[in-house]
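Sequence lines, in order, name chains P and D. If you're matching positions, the first sequence starts at 1 in my numbering and goes up one per residue. If you're matching positions, the second sequence starts at 1 in my numbering and goes up one per residue.
It should be emphasised that the hints constitute simulated quantities derived from the structure, not laboratory data. Please note that the accuracy of each hint is not assured.
Facing chain D, according to a computed beta carbon distance under 8 Å, are these residues of chain P, among others [as the list claims (entries may be wrong)]:
no., residue
1, T6
2, Y7
3, A10
4, R13
5, L15
6, E16
7, A134
8, V158
9, A277
Capping the alpha-carbon separation at 30 Å, the derived lysine-lysine pairs in DSSO-like fashion look like this [said to hold, decoys possible]:
no., chain 1, residue 1, chain 2, residue 2
10, P, K65, D, K127
11, D, K126, D, K76
12, P, K295, D, K127
13, P, K204, P, K131
14, P, K65, D, K76
15, D, K126, P, K295
16, D, K51, P, K176
17, P, K65, P, K204
18, D, K126, P, K65
19, P, K204, P, K176
20, D, K76, P, K274
21, P, K274, D, K126
22, P, K274, D, K133
23, P, K65, P, K210
24, P, K194, P, K173
25, D, K51, P, K65
26, D, K51, P, K274
27, P, K162, P, K118
28, P, K65, D, K48
29, P, K274, P, K226
30, P, K65, P, K97
Predicted, not measured: the structure shown is a model, and the values here were computed from it. Every residue, glycine too, gets a C-beta built ideally from N, C-alpha and C.
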Amino acid sequence: MSEQYTYAVARIRALEVSLFSNAVIDQLIACQDYGQCLQFLEERGWGDSETSGNAEAILTREEEKIWEVVRELSIDMDNFAVLSYPKLFHNLKAAIKEVCTSDSGRHIFYDDVEISGKEMVEIVEEKNFGKLPASMQHAAEEAYEALLHTRDGQLCDVIIDKAALDAVYAAGKAAKAPIIRDYAESTVAVADIKIAVRSQKTAKSMEFMKRAMAECSSISVDQLSKAALSGQDAIREYLTGTAYAEGAEALVDSPSAFERWCDNRIIQTISPQKYNAFTIGPVVAYVIARQNEIKTVRIILSGKLNDLPDDSIRERVREMYV
Amino acid sequence: MSIWSNLGLVYALLGAAVAVFLAGAGSAIGVGIAGQAAAGVVTEDPSKFAKVLIMQLLPGTQGIYGLLVGFITLSKVGLLGGGAAALDPQTGLLILAACMPIGIVGLISGKYQGMTSAASIGIVAKKPDQFGKAMLFPAMVETYAILALLISILAVNAVQI
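If we strip away everything but chain P, and leave its shape as in the complex, we get (with noise of 0.2 Å):
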C-alpha cells in the first residue's frame, strides 16, 4: 500500500529544508577563500566535531549521514541497488587492482555499501566469487583473470564498468518505482554517451566501445559506437534525435558543460518527487539530491583551492534539487 512511505516522505519533507538551495551555493562560491567556504558549511551543520577543518571528512561524514537516513527509515535496501551499486563494482575493482598489484594500504574503498573493501579484497585473494551478488560474480572472475594476464587495467575497468551499467540497469527494470526505473535509464544512456566522446578522442575502435557500452532504451549502442567513429559533430547529430539533444549542445560548449548538464538532466528527473506524497521517489530523490550537493560542494572547494576564478567555478556548479 502507497501509504507504507507516509513517515519517510514526511520526514524527508523536514529534511529537504536544510538542502541546499542555488542561493545558497551561490553564497558558498561567493566566500573570499577555501577556509571560509569550510567554515560556511560547518556553520551549516555539515561534518561533526571530529571533522572540523578537514573537508575530505566533512564530505564523507555527510555521505555517511545520507545512508544513516536511509536505514533508520526501515526502507528495504534493494530499492537503493541503482545508487549502490556503482560504489560496489568500484570496491571490487579496487580490492582487484590490490591483489593483482600487490599495493596494499591505501584509502581507495567505500565503506558504506554491501560488502566493504576488506571483505572485498578476501573474496578476490580466495578467488571465491561466488560470495559475490550474482551480477558481479561473472564481471569479476573475467576482470581479475584479464589484469592478472594482461596487466591491461584499462580493460580491467572496462570489463567492471560495464558490468556495474548492466546491474544498474537491471535493477532499475526491476523497479516497481518509476523514479528508480528513469534513474537507471538515465545513467546508463549518460554514461555510454560519455563513453563515446571520450572514446572518439582517444580514438578507440568499434568492439572497444562495444564492449564498454551497456544497453538501453534511449540510446542505440550500435548507432552511438558507428557515430563516434565517424566524430563528435557525428555523435552531436545522432543526439540531437533523442531524448539527449540538449547534451548534445552541451558537447559543443565543453566536456565540462557537458558533465554539468548530465548531473543537472538526473536533477530533473528526480524533481517531479518534490510533490509526491506517499511512494519511495521522494526518499530517493532525496538521496541523489544530497549526493548531488556533495558532488557540487566538492568542486567549489576544489576550485577555491586552486584559486580558480568564481566564474570558472559557477559555470561548474550543478542545478540543486531545492
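We have chain P already, so just place chain D on it with the hints.
Same frame as chain P, but now just chain D:
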C-alpha cells in the same frame, strides 16, 4: 424476546452500528495515515509538533459524526430512554438506510482526508508559515462528511416511529 419478533429493532441497531463502525474506521485509518506523516516531521523537527498534531486530528471528525448519528438513532428507537420502541422491520430498514450516508462517506472521506492531511503535513514541514493554506486542503474533504452527517440526521429524524 426473540430476534425475529424484533427484527425492526435489530435493523435500527444495525444502522447505529454501521454509522459508528464505518465512520470510526474511516477516522482511525485517516488519523493513522496522518499520524505517520506527523511522526516523520517531528522526528526531524520537534518544534512543529503542535501544527502537525492539528493536521493529524482533522480526519478524526468522521468518527465523531458517526457517534452522533449512532446516539440519535439509539435515542430515536428509545434504547437510551430505557424503553425500546416496537419497530416493524420496514421502519427498522428505513433507519438502517438513514444511517448509511455517514457510515459509507465517513469511511471513505476519513481515509482520503488522512492522505490529504499527510500531504499537507509535507507543506508544514517545508513551509511552516503556510500552515493556514495547508489546513484548507484536508478541510475540503470534510465538506462531504458534513453533508453525509446532515442527511443521516435529517433522515433518522424523519422516520416515523
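Hints, verified against the model:
A cut of 8 Å between beta carbons decides the hint on P:T6: the least distance to chain D is about 4 Å, and the hint holds. With a cut of 8 Å, the hint placing P:Y7 at the interface with chain D holds, because the nearest CB-to-CB distance is about 4 Å. Using the Cβ-Cβ criterion of 8 Å, the hint placing P:A10 at the interface with chain D is satisfied: the shortest such distance is roughly 3 Å. The beta carbon of P:R13 comes within 4 Å of a beta carbon in chain D, closer than 8 Å, and the hint placing it at the interface holds.
The closest approach between the C-beta of P:L15 and any C-beta of chain D is roughly 6 Å, which is under the 8 Å cut-off, so the hint is satisfied. Satisfaction of the interface hint for P:E16 is found here, the shortest Cβ-Cβ separation to chain D being roughly 6 Å, below the 8 Å cut-off. This hint is violated: P:A134 has a C-beta 35 Å from the nearest C-beta of chain D, more than the 8 Å allowed. A cut of 8 Å between beta carbons decides the hint on P:V158: the least distance to chain D is about 43 Å, and the hint is violated.
Interface hint at P:A277: satisfied, since its Cβ lies 4 Å from the closest Cβ of chain D, which is below the 8 Å cut-off. In summary, the hint linking P:K65 to D:K127 is supported, as the alpha carbons are separated by about 23 Å, within the 30 Å threshold. For the hint linking D:K126 to D:K76, the alpha-carbon distance of about 48 Å lies beyond 30 Å, and the restraint is violated. The hinted pair formed by P:K295 and D:K127 meets the criterion: a straight-line CA distance of about 26 Å does not exceed 30 Å.
As the CA atoms of P:K204 and P:K131 are separated by approximately 34 Å, the hinted pair breaks the 30 Å bound. At roughly 61 Å between alpha-carbon atoms, P:K65 and D:K76 are farther apart than 30 Å, so this suggested pair is violated. Taking the CA atoms of D:K126 and P:K295, the gap is about 24 Å. The hint holds against a cut of 30 Å. Taking the CA atoms of D:K51 and P:K176, the gap is near 33 Å; set against the 30 Å cutoff, the hint is violated.
Proposed proximity of P:K65 and P:K204 is contradicted: the alpha carbons are some 40 Å apart, above 30 Å. For the given pair, D:K126 sits about 20 Å from P:K65 by alpha-carbon distance, which is consistent with the 30 Å threshold. The hinted pair formed by P:K204 and P:K176 fails the criterion: a straight-line CA distance of about 37 Å is larger than 30 Å. Restraint check for D:K76 and P:K274: not satisfied, since their Cα atoms lie roughly 51 Å apart, outside the 30 Å limit.
For the given pair, P:K274 sits about 11 Å from D:K126 by alpha-carbon distance, which is consistent with the 30 Å threshold. In summary, the hint linking P:K274 to D:K133 is supported, as the alpha carbons are separated by about 18 Å, within the 30 Å threshold. Restraint check for P:K65 and P:K210: the C-alpha separation of about 38 Å exceeds 30 Å, so the hint is violated. Taken as a hint, the P:K194 and P:K173 pair is honoured in the structure, with Cα atoms around 22 Å apart against an allowance of 30 Å.
Between the alpha carbons of D:K51 and P:K65 the distance comes to roughly 27 Å, so the proposed pair stays at or under 30 Å and holds. For the proposed pair D:K51 and P:K274, the alpha carbon gap of about 21 Å is at most 30 Å, so the pair holds. Restraint check for P:K162 and P:K118: satisfied, since their Cα atoms lie roughly 23 Å apart, inside the 30 Å limit. For the proposed pair P:K65 and D:K48, the alpha carbon gap of about 23 Å is at most 30 Å, so the pair holds.
Distance restraint check for P:K274 and P:K226: the Cα-Cα separation of roughly 39 Å exceeds the 30 Å cut-off, and the hinted pair is therefore not satisfied. Annotation: proposed proximity of P:K65 to P:K97 holds, straight-line Cα distance about 29 Å (limit 30 Å).
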